[in-house]
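Each chain, written out:
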Amino acid sequence: MQLSMSYKPLERYRVIDLSQLECQYCAKIMADLGADVIKVEKPGGDPSRSRGPFYHDRVEPEKSLFWFFLNTSKRGITLDVETKVGQGLLRRLLEKADFFVESFPPGYMESLGLDYKQISRLNPHIIYVSITPFGLDGPYAGYKTTDLVSCAMSGLLYLIGDTDRPPVRISVPQSRLIAGSHAAMGALAALRYRKKHGEGQLVDVSIQDAVARVPYAEPIYWQFEHTICRREGNKNARGSVVLTEAWPCKDGQIAFRIMSGAYSGSLKALVEWMAEEGSIGSFAEIQDWKNLDFRKYPQQKLDEWENDLRQFFLKHTKGELEDEAQKRKIYLSPVNNPQEIFESEQLAARKFWVDVKHPELRNTISYPGAAFKTSAGEWGPRRRAPLIGEHNQEIYEGELGLTREEMQLLKGRNVI
Amino acid sequence: MKDTGLFSGLKVLDITTAGTGPLAAGFLADYGATVVLIESKTRPNLNRVSAPYRGGVANLNTSGLMTPFCTSRYSFGLNLGLPEGREIARKLAVSSDIVVSSYSPGVMERWGLGYNEISQAKPDIIMLGVSLQGQTGPRSSVPGFGFNMKGLSGLVHFTGWPDRDGCGVPMAYADTTTPWLAAIALLCALEYRDDTGKGQFIDFSQLEAALNFTPSYYLLDFAVNGRIASRQGNYSPYAVPHGVYPCLGDDKWVALAAGTDEEWNSLCKVMGEPAWTKEPKFATFLLRQSNREELDINISQWTASQKGEAVMEKMQAAGVPCGKVENSQDVLENDPQLRHREYFKVLDHAGVGTVAYHSYPAKLSKGSPEIGPTPMLGEHTEFVAKELLGMSDEQFVELLSKGVLEMEL
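As given, the protein sequences belong to chains X and U, one line each in that order. Taking the working numbering, the leading residue of the first sequence gets 1, the next gets one more, and so forth. Taking the working numbering, the leading residue of the second sequence gets 417, the next gets one more, and so forth.
If you're looking for bench data, these hints aren't it; they were derived computationally from the structure. Mixed in with the good hints there might be a few duds.
Simulated restraints on C-beta separations [stated by the list, open to error]: (1) X:383 / U:642: 20 to 28 Å; (2) U:721 / X:240: 27 to 35 Å; (3) U:578 / X:320: 22 to 30 Å.
C-beta atoms are modelled at their ideal positions from N, C-alpha and C, and glycine is treated no differently.
Input sequences plus hints: build the corresponding full structure.
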């Protein structure tokens, strides 16, 4: 679906994006929402361009799908910020920018004379967003991280995986995507502050904090009951109760869990369906559905119920279960893979996918679209990610007033 | 009412349950907006009826699960099942800047609180409707909660070991990853209102937001390469070793990753350069990848006799990304960095008692949040009725006796 992207609430703002890896998600959201984002890459291309997957599996800097996804709607320039000339040019860009997003280790920007203190002197209105592994200061501030390490040190990794194997991470690296969305929210909150008080500020985002925001119940169990929630494979183990959340079915997996009390209607509806098919099993003994409280049953009984549910699910396909769940108001969903998501009727009906032209590839690619729909207009990826140095001329000549000769000189010295 | 804070003066009506809606409204509340949460004993918030309960005593005010989701707001006991309750909600809605709801599509409309009706009375109203799969489309009526999203968004498919079924993540994962996108939607709506004077309806499908996290760019891998990417355990193409290794103690682990030859050499030095590290099969990055199972066994033998923290400190001192696998107690009590950032704020309140509340990963140098504890159900009914709605004592008492208003239990 080619859409005209009419909703651009951030249109008047400029963002300079020096962030790396999935931290680039912060400026991607802002760019898709209309901001003028200038992605600043190293001459020769950003290291993120070496991350896969790749277009037609061709490992080339202009074919990284990872790069494509994280840099939609941005413009791109190359600049070596480790040179004096490069720092001067970046400073000129920052002088007129509204936001600056970077994700270098703490201290690196300072060593280049580009930290918040120095940049805010140049431009007191700037909202300076630093995304770092553990925040800008503190005992672990100098520690290095990867997605796995960030998930480990925030209480998330410990909860995931089968009991007979080590904790396992989510195979799509999550930590920087989550931090990136917190960064964008913080940046936009700082914008509200600037509107009120006329000043910019520093937004200090810790990736560790961002992942620590994910587990919500487990810290409460420690505080209330002094129990440590542990990984239990496809089950959810909290306190004394262990319930399955991911189940096998005839042709794949589904997500479902037993709920009780005010929410017992879902299980009741499922059991009615089981009864119609003659497989009510041990659920026949439940009389008072309204006051059903699974916490009052021994684990052995819950396991017995779950065994009946498992047998029932194994007789049905994901599609049958999804359709029937919708009809009967059962809180149950299929476990989808990328193909099933891509081919989803619901997402198609919602016009979720956005066609983005890639003239260099002589192709148009369907991208995941807006994270939310609004009655104010369409938004989402407006154009493909920039090529290496694609907007150098536009920015350096057009905006900063460099001459062709100066441009050639900088190119020759590998500054741009 | 709060008069300091980033969003002071902003009025928000919160008609939500579960995780995503409350956290989007909560961001505004924690930064000073006046957020009125409509609640009722007859239709309790999912979190109020979820374990664990303080002291094991289950009632509507003791659930700890309210605390990560419903901070800093006024709890207004109002029964939306009654016409008079809905009329009061409507009054509150039209005097608000923002209305956030998260009941199934169609419910707000049935209550006379739909965007069409509210925006007729208040054209610049901003309304956020949070749902599982959107307000429109053939699956919009599918009911559910955050744990359904683990299936729909492919999270289960992408989590676990390649030789087994997906195990997923034991929580309503999207309930704490997508709300920030809903808050971004609200902040953008405020920008748009400043510029145009117009309100809007935000149709927030949790699925569409969650797809940014999983499968994320692997959707492009299917779109252009036709590949169905899947779970890979702890394998990473960008680092080897890359895994979780056992340490001294009960279920203690350390995560370790070497992305470059430099990091590999440092790792070997920290381990004291045992003979196996010099074997030709571990000489290059590609060889280490091909022989990673054996590599993992060797590293495990070295880590197993040590404390995770000690391994982490040695590795980090040598420039190797490494971290102890923290459990909930570690995160709350034993992590000096989280403590340094004052990530958890300890607050005391009747009902749930003393609890550590999450703060925000993005620290603003100006204007920090003032997180208030989770209210008791109906704790602020009188305040909202009299101060915000201007009810007389007589009206208030009458509505209480009719069961339209509900007071603190």
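Okay, the hints, checked on the actual structure:
Remark: the range hint 20 to 28 Å for residue 383 (chain X) to residue 642 (chain U) is upheld by a beta-carbon distance near 24 Å. In this structure, residue 721 (chain U) and residue 240 (chain X) meet the distance hint of 27 to 35 Å, their C-beta atoms being roughly 33 Å apart. At roughly 27 Å, the beta-carbon separation of residue 578 (chain U) and residue 320 (chain X) lies within the given 22 to 30 Å, and the hint holds.
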